[in-house]
Amino acid sequence: MTTNDTREITVTVDGRRETGVVSDRTLLVHWLRDALDKRGPKIGCDTGNCGACTVRWNGTLVKSCMVLAVQVDGDEIETAASLAEEDGTLSRLQQCFADHHALQCGYCTSGMLMTAADLLASGEEITEHSVRRALKGHVCRCTGYHNIVKAIRAAAGQEVPPPHGSEPREAEVR
Amino acid sequence: MLLPPLRYLRPETPEDAVAMLSDVDGSVVLAGGQTLMNMLKLDLAHPDALVDVHRIDALRGIEHDADGTLVVGAATTYAELARSPEVRRSHPAVAEMAAGLVDRQVRNRGTIGGNCCLNDPTSNYPPLMVALDARFRVLGRDGERRLPASEFFRGTLATAVGRGELLTTIEIPPMPQGSGVAHEHLQVGADSWAIARAVVRLDVADGVVADARAVLGAVYGSPLRLPEVERRLIGQRATPDLAEAADALQDVDVQTADDVHCSAAYRREMAEVQLRRAIRAAVERSVQ
Ligand SMILES: Cc1cc2nc3c(=O)[nH]c(=O)nc-3n(C[C@H](O)[C@H](O)[C@H](O)COP(=O)(O)OP(=O)(O)OC[C@H]3O[C@@H](n4cnc5c(N)ncnc54)[C@H](O)[C@@H]3O)c2cc1C
Ligand code: FES
Ligand code: FES
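Line order of the protein sequences matches chains V and F. Residue numbering for the first sequence follows this note's numbering, starting at 145 and increasing by one per position. Residue numbering for the second sequence follows this note's numbering, starting at 524 and increasing by one per position.
So that you can see chain F by itself, here it is in the shape it has in the complex (with noise of 0.2 angstroms):
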């Protein structure tokens, strides 16, 4: 297909990046194009301008700070992020994200950053993101903003991530001693699109869960947290009884509509099948 007429800039830094973003009219940024090319051939978006950002080194790399928190640039691809050593010890759950993700060629060029700016409903990162408390943090002309994943995730298709803004870097706090984090997911075939998705933390200490996150993915709008469910996991025993905590779904208004794929009930459903997956994993995960 061809693509609509437009230019193709490559900036040398994160803050040329963000000149050209402010000063080009219609600019928007290209990080692995794994979704941006099928949004230009299907129409579905219309820049003038396409600001290359895969190639700055500054947006690419993987390092930890003296307290553990795993840095990752916004252009580091699904196949660094899953060859790494260091995110496979120390953030496990980030690496298997992006092994499971799409396909060998897809991995290589798609990123962490386009997969969180993106934020469609099926995109594999944001739940997690969520479930890991991690922070963005977002470059712009005025200065660089920091978010923690509840104010960067906006709704369907939408983040925090302005006009002239752009994505740098994604902060992964350390994970507590005895945690455990689990991903489940319904997919339409092996290492592709969900249809249902739960993630969820467990900080298990002496035993008993200390704090807990349980996280929708594949639902309307943004990745749900799900407080009630939070609620009845937070100070019981790391037992795979645990898994009951689902049944709180119940009473939360999950947003979701019919597909090609599945009607509304039953991706509701399978959400449900997934959570309690989720927290069954999460308790063997944890180390008690």
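Isolated chain V, as found in the complex (with noise of 0.2 angstroms):
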């Protein structure tokens, strides 16, 4: 059923076709959340700055409190589930982040992760200095980025060192 402002719309949510009535004023962050129960991205300032809610739209990567869910219909998006294996294992990019603690609360930690995922797939050259660039779009209360930044190095296979206070052998293990 459609009426004035509201329409069907058909998304391929993580791999998987998702079809729900929108109204056109509803933001792609709440249609996931609300409507889908995805729960990846999260609403942290609402307003483009904290990243909390960043996702892929046909690849590219998007912050979903700043794009309408009609906007995307016919299209692919990718939420921060969609990068474990299917039965639950973490991606290398994922236990990178749990072996450094690069998160504590993990509000901002899907974001963190399309971000960095993002970055290793672009295959511009990963430095400290071109991780931090990329981490421009979010904010982490907890962490002070450093550990994010060593995760994020490590999953590209750099050596960082170990997390403080760990066994020196837990963060060779990858």
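To be clear, the hints were calculated from the coordinates, so they are not data collected in a lab. Heads up, some of the hints might be wrong.
Claimed, not checked - Derived list of chain F stretches under chain V, where covered just means 3 residues or more per stretch with a C-beta under 8 angstroms from a C-beta of chain V:
#, segment
1, 556 to 564
2, 629 to 642
Unchecked claim - Some, not all, of what chain F presents toward chain V, calculated at C-beta under 10 angstroms:
#, residue
3, 524
4, 527
5, 531
6, 534
7, 663
8, 713
Claimed, not checked - Sample of chain F residues facing chain V (criterion: CB under 8 angstroms; computed from the structure):
#, residue
9, 526
10, 528
11, 529
12, 575
13, 611
14, 626
15, 714
C-beta: ideal position from N, C-alpha, C; glycine also.
Two chains, two frames, some hints: make the complex.
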């Protein structure tokens, strides 16, 4: 059923076709979280500043609080839930976040992971500087960023200092 | 935040978009949405309908005319401009500006046309467009108008784009042989809002400045062109000493205001600093 300002949309979310009826004014982040129960994207600032809502739209990194659900009709959306294997095994990037203490409360984490995955897939050179610059659109109130940068560099195969207080071999495992 | 009730329209062509903008009461253009969405959320804009032009092929893309003019579709994103080898080669300042805008996600959505149509004092592109003598193609019901940057930017948050009209294309003339363009800004943080911004273009021939543009951004109203400074640059030898031309700013009534970041006086002082730096950098970049 579609009335003047609602319509049916079909979107492939994390590899699954999803159909829903949305009002034109519905933000993508609200549809993902409230209608589809995809809780990866978080609402932090709701003004495009914090990056907690970051997803990929047809392979392009965007903030889902700045996009309407109707805009992505017929398209593909990936949330952080798409990063792990189907059986729940964490991706190398996710495991590096865990190993390097790159999260505390976790609120910023799924957005950080999406940007990190996008950066790693881009073929851009991975350096301390390029990682920090890629994370410009994200805010983390817990970690102080250092461990997030280390985790991303480790996921790129770079040697980084082991996390504070860990057994030396813990960080060497991967 | 819940947006106010509105209708979403997606035209296929620039002409369809113009028809919708003229026929649907209270309709406005939605480009990258990286400002408009926030204006809706904060109740600063109250349109009844959004006309989404982001996917219209005719409004996207980067081309060069036979004479080297860079022709950019209004809905071309910052990311597309930043990674274009052709733009980096022909108009490096345009690509650099895009690469230093906001962040990875916003660069994927934000458009050069949206940036210019917003014409907020902190918008990155307007002063650069003035310095590069850009022309703006605006489509309306009665056909197309072509405006120079000096007529396009009309004041804070105001441009020559009227109701029912659409900016389709920005044309940037080829850079004269030997010219150097530099933009310098004092920003709140890396790739962030500018407190003060200056753009300088020096066309240098045989070591002498043949023509010059000096423009301030982040001031009240539109980008501020500085003929007083340009006069002091033209005809001079292109050496770093040219930065002294920025002294002329002391006689210019630069309109600006106190805001959360700084006082108007500080902003004025920093504008002069950026201008000096931009002159020096433009000298360095000019091929002599
Ligand atoms: C966190 C954050 C930080 C930012 N920091 C900066 C910054 O430092 N510097 C900066 O310059 N920008 C900044 N921006 C704004 C960003 O660059 C926007 O992308 C830009 O201002 C508008 O471009 P848009 O394509 O997103 O346009 P939209 O938001 O879609 O539209 C902006 C306005 O232009 C009109 N419009 C758009 N395209 C056309 C067209 N073709 N014809 C007629 N009218 C049109 C719209 O109707 C609207 O009024 C920031 C944004 C965010 C979210
Ligand atoms: S909630 Fe979207 S950027 Fe903060
Ligand atoms: S881990 Fe808490 S906000 Fe980043």
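Results of checking the hints against the structure:
1. 556 to 564: Since three or more residues must qualify, the claim that chain V covers the segment 556 to 564 of chain F holds, with 5 doing so at under 8 angstroms.
2. 629 to 642: holds (count 3)
3. 524: For residue 524 of chain F, the interface hint holds, since the closest Cβ of chain V sits about 5 angstroms away, which is under 10 angstroms.
4. 527: holds, 7 angstroms
5. 531: holds, 4 angstroms
6. 534: violated, 13 angstroms
7. 663: Interface hint status for residue 663 of chain F: violated (25 angstroms vs cutoff 10 angstroms).
8. 713: With a minimum Cβ separation of about 6 angstroms from chain V (threshold 10 angstroms), the hint on residue 713 of chain F holds.
9. 526: holds, 4 angstroms
10. 528: Hint holds; residue 528 of chain F Cβ to chain V Cβ min 6 angstroms, cut 8 angstroms.
11. 529: With a minimum Cβ separation of about 5 angstroms from chain V (threshold 8 angstroms), the hint on residue 529 of chain F holds.
12. 575: holds, 6 angstroms
13. 611: It is violated, given that the least Cβ distance between residue 611 of chain F and chain V is near 15 angstroms, above 8 angstroms.
14. 626: Holds. Min distance 3 angstroms.
15. 714: For residue 714 of chain F, the interface hint holds, since the closest Cβ of chain V sits about 6 angstroms away, which is under 8 angstroms.
Consistency with the previously given hints fails for numbers 6, 7 and 13, ordered from lowest to highest.
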